[in-house]
Amino acid sequence: MSIQSKRLGDEGEQIAYDHLLSLGWQMIERNFHSSQGEVDIIAKDGQFLVFVEVKNYSFASFGTPVGAVRAAKKKSIIHAASTYLHKKNISNVYCRFDVISIYRNFEGKMNIELYKDAFQMN
Amino acid sequence: MFVKVKSAALSGLKGYIVDVEVDTHKGLPGQSIVGLPDAAVKESRDRVKAAVSNSGLDFPPGYFTINLAPADIKKEGPVYDLPIAVGILASHNIIRTTYLKDTIFLGELSLDGAVRPVAGVLPICIEAAKNGIKRAVVPKDNASEAALVNELEIIPAEDLLGLIGFLNGEAEVKPHTVDIEELFSKEPEYELDLSEVKGQFHAKRALEIAAAGGHNILMIGPPGSGKTMLAKRLPTIMPPLSLGEALEVTKLYSITGFLSSRNTLVTKRPFRSPHHTTSDIGIVGGGRLPRPGEVSLAHFGVLFLDEFPEFSRDVLEVLRQPLEENEVTICRALTSVTFPAEFMLVAAMNPCPCGNYGDRLRECQCPSWKIQRYLQKLSGPLLDRIDICIEVPRLGKEDLVSCPAGETSSQIRQRVSKARQRQRERFSASKISSNAKMTPKYIKKCCLLEKPAEELLKSAVLHLGMSGRAYDRVLKVALTVADLDGSQVIRESHIAEAVQYRNILIQKCSSII
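Chains L and E supply the protein sequences, listed in that same order. Counting in numbering that gives the first Met the number 0, the first sequence runs from 0 upward without gaps. Counting in numbering that gives the first Met the number 0, the second sequence runs from 0 upward without gaps.
It is worth saying that the hints were derived from the structure and are not from the lab. Wrong hints could be hidden among the right ones.
With a Cα cut of at most 30 Å, we get these calculated DSS-like pairs of lysine-lysine [to be verified]: (1) E/Lys41 - L/Lys72; (2) E/Lys25 - L/Lys87; (3) L/Lys73 - E/Lys41; (4) L/Lys87 - L/Lys73; (5) L/Lys43 - E/Lys25; (6) E/Lys48 - L/Lys43; (7) E/Lys25 - E/Lys41; (8) L/Lys72 - E/Lys25; (9) L/Lys72 - E/Lys48; (10) E/Lys25 - L/Lys73; (11) E/Lys41 - L/Lys115; (12) L/Lys115 - E/Lys48; (13) L/Lys115 - E/Lys25; (14) E/Lys48 - L/Lys74.
What the simulated footprint calls covered on chain L by chain E, stretch by stretch (three residues with Cβ under 8 Å from a Cβ of chain E suffice, anywhere in the stretch; the number is not a length) [as the list claims (entries may be wrong)]: (15) 78-84; (16) 92-101.
We put the beta carbon where it would ideally sit given N, CA and C, even for glycine.
So that you can see chain E by itself, here it is in the shape it has in the complex (with noise of 0.2 Å):
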């Protein structure tokens, strides 16, 4: 008899429905899947057999053909296990075929008849619902990922023989939900907070600037100086993820099974920190059928890149393009497929090998050509992407004694939210989400300077010597700087903040720029 199951695969962020076929007849006994299964996908007739006898049935006699439609893409993962045991049993009137026209089923089967969670639901359920799905059977631990996809009925499926039980009308299951809207209402805590970090007013201020504007960030400071709390508490003070967002970034950990089961929708901004020796594939993403890479795993968040120069050449030029288009095209031999990357870039470093250049208490030991290679491995079109530089220097002896704590992450989010809803406003029309990714139309339109500030952009451009690029970067954190203080012009102090931010950076790796 011929019975077919539909379940489905993903490719890259989108999913697509596969229909598992099973045919049977009878002779020698024996099953052979094809449609071009992976390693893992022809396991599944070692795992579905244990797994339908240790359910206390018998496996159904017979030849099996099992084939994955469409033909012509290749399957991969454990996540046909449970389609192909249901065909099985559908095929031996073992399971009725009721439910099996509009209902998806995926899962991984252990040997003793369990479903084991499996990768990529969310973004699964998504497109089978647009196909006209009714029902989606899922794991257990899986279903809560699911259940965000309202037009879906879902079945979490905790074993094979409860599931028959279902399937079969004998037994009830109840359809999992959640209340999107009151998972969502919830206000992130983070366990962090901005005020731990004692003094540091001036680069507080500059990562306020930057989370206000999606601006990315370079720290330059000795060892010890607050650099890496500073990064980690960058989260706190951005604005909440909307409902669209928060999803967009669910479907991202879905696929790479970051989602447990009790963390279902993803509402806090991603802070993502690899270390200096990830190659350039963890960072952009990629692989045989492509995954997402950290730039994508830190889409409406924030990316540190801890020590900066210590990361390979390759891995910080890679990040140029993520930078500027907001998302990555991996292109392989046998799909293509693109990541969003809409990210803040934050990164530290020490300002020489040593640490200590520039400190005041300690004097730095690196002879001049070893700061300069230090420096040199951050290239200029690099340093080009980034819009604030700023100077974290060591505290004194006074200041960490008695420095005040200063103000806390929730009172500068609320200041952060605002001007991001100027900003919502001016861009309401496109498709840009903050001042860092405004398109030079949008910079001639909104960044409207006064007379005096006019004449300080034009003194600076002149005795920095910045590039076109760098020019329009400091109109953008002027813009953001504005929208923090609530003007609709640039001023002359807007500006004057923006190209201090920028005149760091000139300063200092002066040697490359």
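Excised from the complex, chain L in its bound form (with noise of 0.2 Å):
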């Protein structure tokens, strides 16, 4: 991973994080590592306990952040959220994956866009 997009992805998570504070979400924890896996964001949004996958681009792409969301991250941020619920020992809560999508348009201003319930196991 080069350094730019590095720092891009940083960014976009700061953003992100913000954001779902202001949504009134209760952070739980950022950038949790499995063996295999990582999610970017945990957080709580009433009953549900969400794994949220931050996209950052830096130009308008087409197509929807869902779309970029392909086989393998999903398959790590699903180990990563098992693991997860496995080590803090929860079982009893409804869960979701999420991804949020943050680009600026030509004019430099932000967009930021939330989709729940994004992806599931297969």
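From these two lone chains plus the hints, build me the complex, please.
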């Protein structure tokens, strides 16, 4: 990963974090890593425990960010999520996988979109 | 929470109840379907999710385990979409479970939540009624065929949202009913009529006998002489289906998905005319999970094979067993099913590859070996099963212009129905439906010959060299001729007519029989 894209990612995560906080979500963890995966943000939205994947684009891309979360990435998020539940011994909570997409348009205006229940385990 | 929703599947012509069990628990979201689902059943996961979301509902959270019990039979097709959706919603108390115990759910879901029609609803509903189920929720387009089962309350489902309203008691859905008596009392209307065929009185007479006794018939004639026209009009002179027969044919059409929402009960006799490139599986039925073939779709009707020798040898030979048994049993690794196949075989062919052999006006161009090879496509055993063989000659110029039309189909049908009535009375104690299906025991009992008739038959056997089966067939045809005549015994003229139909076959195909 280049330094540039790392910086872009970190910046996006911070924006997403602030956005979710403003929505009244209860933030629990950032950048949780398991042996084979990682989750950007873990937060609580009402009764749901939400695992959020942040997609930060330097330009307006085509297609939805849900499409940008491909099979391998999903697998990595799911692995991290189940590891997290196991570690914390959580079983009695409804979980959800969300994707948050952030990009600046040509005028430099920030655009944040939250996709709830973006994907599920197969 | 655990919820059980009833649905059903098909094995051949028989339905069986499938329990769709849905269990949900908290944790990471997802679904798994178990119980030997095929690809179409697995895909229902995506359809159900989209259908629920697009109906304006939140898809319930949590992990769902969906089991299709009994778990040792393969499940196929999209029929489980609706029960799975109902199960998922009921497990989160979005649907009340009051109705679920004695209701079966059938239907494919469209992504927008509409319920799409599925195949096999009628046999499934018949089976469900036997299993003590009171109510069936079926796609709206299938409601009419399902309503043929009187014992069930049929709830037509148009879309998921409407169904949820009904199950929760918030909306009323009127149970769908059809008046079987009214559907059935309508005399079938045919667009074709036998009076449209000019001349060919000999052939029409033969068709009448074939229709009256359920005999198989072979027409030989040059191209353009009217063989196909005659065959297509055969169902119009056959007696109408009885209610039991109509239901059985409807069942077969239901599992193949040929029923339209308007045409619920098949009241017309089927007429199937497969192309001569059809495979043997297409004719007898088959597939991994067997489906009925053309012989079954022609059940109680007519199977018309045009250009008879052009069919591949394999196809013609597979016809032999259903012609004798009136049913086909198809065995595959997964299952073995029996489909009924009580049909009349009507075959048409040219006398030679160019078609003009024996014609009065045009000369045949075929060398004799070519004719020989053409006829050899038909095996002796197959021709043995054909009761009536006729020549359909080309009409002369004068005939075409001035020949009278002859009787209408309904006039002939009345005579045929009378003859069939006599047969029904004769075979009332057995399962035999027509003279052509008589067993040797009945041939002995029912074919009473007058003295001169017996003499004639004896000499015919002597001179024509008929096989044992051919002898029986001649007697059966003679009995049908007697039935049409209203005679209790078989007279000399009846035997003469029957032998004549046999004789043409022997003359034409002497090289093979």
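Here is what the structure says about each hint:
1. E/Lys41 - L/Lys72: It holds: about 23 Å lies between the C-alpha atoms, which stays within 30 Å.
2. E/Lys25 - L/Lys87: Within the cut-off at roughly 15 Å; holds.
3. L/Lys73 - E/Lys41: holds, 20 Å
4. L/Lys87 - L/Lys73: holds, 21 Å
5. L/Lys43 - E/Lys25: Cα-Cα ~15 Å, so holds.
6. E/Lys48 - L/Lys43: This hinted pair holds, its Cα atoms lying about 23 Å apart.
7. E/Lys25 - E/Lys41: holds, 22 Å
8. L/Lys72 - E/Lys25: holds, 23 Å
9. L/Lys72 - E/Lys48: It holds: about 22 Å lies between the C-alpha atoms, which stays within 30 Å.
10. E/Lys25 - L/Lys73: holds, 20 Å
11. E/Lys41 - L/Lys115: holds, 24 Å
12. L/Lys115 - E/Lys48: holds, 14 Å
13. L/Lys115 - E/Lys25: holds, 17 Å
14. E/Lys48 - L/Lys74: Holds, because 20 Å separates the two Cα atoms, which is no more than 30 Å.
15. 78-84: holds (count 3)
16. 92-101: holds (count 5)
In summary, this structure violates none of the numbered hints.
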